[in-house]
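K.L.:
Residue strings, one per chain:
There are 2 protein chains.
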Amino acid sequence: MIHSDEKNLPEKLSDDIVSYILEEKLQPGDRLPNESVLAEKLGAGRSSVREAVKLLASRNIVTVRQGSGTYVSASPGVVEDPLGFTFIGDKRKLAADLLEIRFLLEPSVAAWAAARAEEEDIRRIRKLCDETEQLLKEGKDHTKKDVEFHTAIGISSKNLVVPRLMPVINSAVPLFIDLTKNVLRQETIDTHREITEAIAAHDAARASDAMYLHLVYNRRLIREA
Amino acid sequence: MIHSDEKNLPEKLSDDIVSYILEEKLQPGDRLPNESVLAEKLGAGRSSVREAVKLLASRNIVTVRQGSGTYVSASPGVVEDPLGFTFIGDKRKLAADLLEIRFLLEPSVAAWAAARAEEEDIRRIRKLCDETEQLLKEGKDHTKKDVEFHTAIGISSKNLVVPRLMPVINSAVPLFIDLTKNVLRQETIDTHREITEAIAAHDAARASDAMYLHLVYNRRLIREA
Chain S
1 MIHSDEKNLP EKLSDDIVSY ILEEKLQPGD RLPNESVLAE KLGAGRSSVR EAVKLLASRN
61 IVTVRQGSGT YVSASPGVVE DPLGFTFIGD KRKLAADLLE IRFLLEPSVA AWAAARAEEE
121 DIRRIRKLCD ETEQLLKEGK DHTKKDVEFH TAIGISSKNL VVPRLMPVIN SAVPLFIDLT
181 KNVLRQETID THREITEAIA AHDAARASDA MYLHLVYNRR LIREA
Chain G
1 MIHSDEKNLP EKLSDDIVSY ILEEKLQPGD RLPNESVLAE KLGAGRSSVR EAVKLLASRN
61 IVTVRQGSGT YVSASPGVVE DPLGFTFIGD KRKLAADLLE IRFLLEPSVA AWAAARAEEE
121 DIRRIRKLCD ETEQLLKEGK DHTKKDVEFH TAIGISSKNL VVPRLMPVIN SAVPLFIDLT
181 KNVLRQETID THREITEAIA AHDAARASDA MYLHLVYNRR LIREA
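Residue numbers (full-length UniProt numbering), protein chains in the order written: chain S, 1 to 225; chain G, 1 to 225.
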């Protein structure tokens, strides 16, 4: 972290560009003005602006596409490992602790999704449930689709914070994927399906129960591992 | 975000420095080798290493102290606004949604703290409870101490993820501080004290109830606001 009184020019300019994005209400995917236009707007040199854009890219606020331009990122400000799990040495405890957190959050999130999901949300959840099931049946890696399934439920909860938290708490999924691939296949298929149908039926208690059961299977596995 | 095949030299070097921190098991506060030593270790030029260190500082993995050196940050990889709340336009809904999440997490976290807190944890929680109460009685800004109080409870839960989540979910606190300062003073003093005493008595159910009540007061206030 760099304290504000020690900020150099590119760091100050990166703050100015964030203010510009907020003031202009630029949305994810929107294109920023090019380097020379930005430099003029901010009253700075082009090389300083280039440095500032690099800093913003490293924080995933903007995405630089070579030869195309600079865009507001899909989830601006959400970095790859936002809570620094890379720097936690004990990965087994980390996985167990993440599961402890999932028990607190995900049954209620599933209930909110059942109460609040719109038709399009339900379609997306069902599609991801199908795709995950297909990969599981074929014995292929389903990690990515599994995380997308849980994230789609998070989005359907209509709570602004949940979809941003989901990738964090779901970073436990890959930690245990080798185990789950072999042991949990049928349980994952069945509980995912039950969660999906409960949300589609707008049945909050059933969705919460199904998610709880899904997590119980995961916790049993961690105990045995 | 910069895709790996498009990473330039400083970005690749910053990955190498992260690997070095992990391999050498450097801890928060540990000093990194100086620029020329790092440059030699990584087989790179000093100016590229300097750029790489700037990128790591912008992600709060290292802290640069002018004239002293480069150190591993206190919470490496945890950036100031890890979930990008800056970029959510509707701050009122954000505050309400954060409170919804706190209801799911904090009563259980208080219960875990009651079950797992050691003597030193209890001393720290009690000290922060006293300091927050003092500031409230004097009508001074208690935001920082309030967040520290909740974070100390999070640390006492002994769950590795909770202390990293706490600053995120507590970012709702400043959003409502002007309201709480005037209306919630006595309720905050009383419920903080009850939470503290329940944790000190290792009474999990009482700690969970007290935290729940604390959040109920907050939610009532948001409804009325």
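These aren't lab readings, by the way, just hints derived from the structure by calculation. Heads up, a few of these hints could be off.
[What the hints assert, rightly or not] Simulated pairs of lysine to aspartate or glutamate, DMTMM-like, Cα-Cα distance not exceeding 20 angstroms:
hint, chain 1, residue 1, chain 2, residue 2
1, S, Lys158, G, Asp190
2, G, Lys93, G, Glu224
3, G, Lys145, G, Asp90
4, S, Lys91, G, Glu24
5, G, Lys91, S, Glu11
K.L.:
Each of the hints needs a verdict: does it hold here or not?
P.N.:
Quick rundown of the hints versus the structure:
no.: 1; hint: S:Lys158 x G:Asp190; in the structure: violated (33 angstroms)
no.: 2; hint: G:Lys93 x G:Glu224; in the structure: holds (14 angstroms)
no.: 3; hint: G:Lys145 x G:Asp90; in the structure: violated (26 angstroms)
no.: 4; hint: S:Lys91 x G:Glu24; in the structure: holds (17 angstroms)
no.: 5; hint: G:Lys91 x S:Glu11; in the structure: violated (25 angstroms)
Hint check: violations occur at hints 1, 3, 5; the rest are consistent with the structure.
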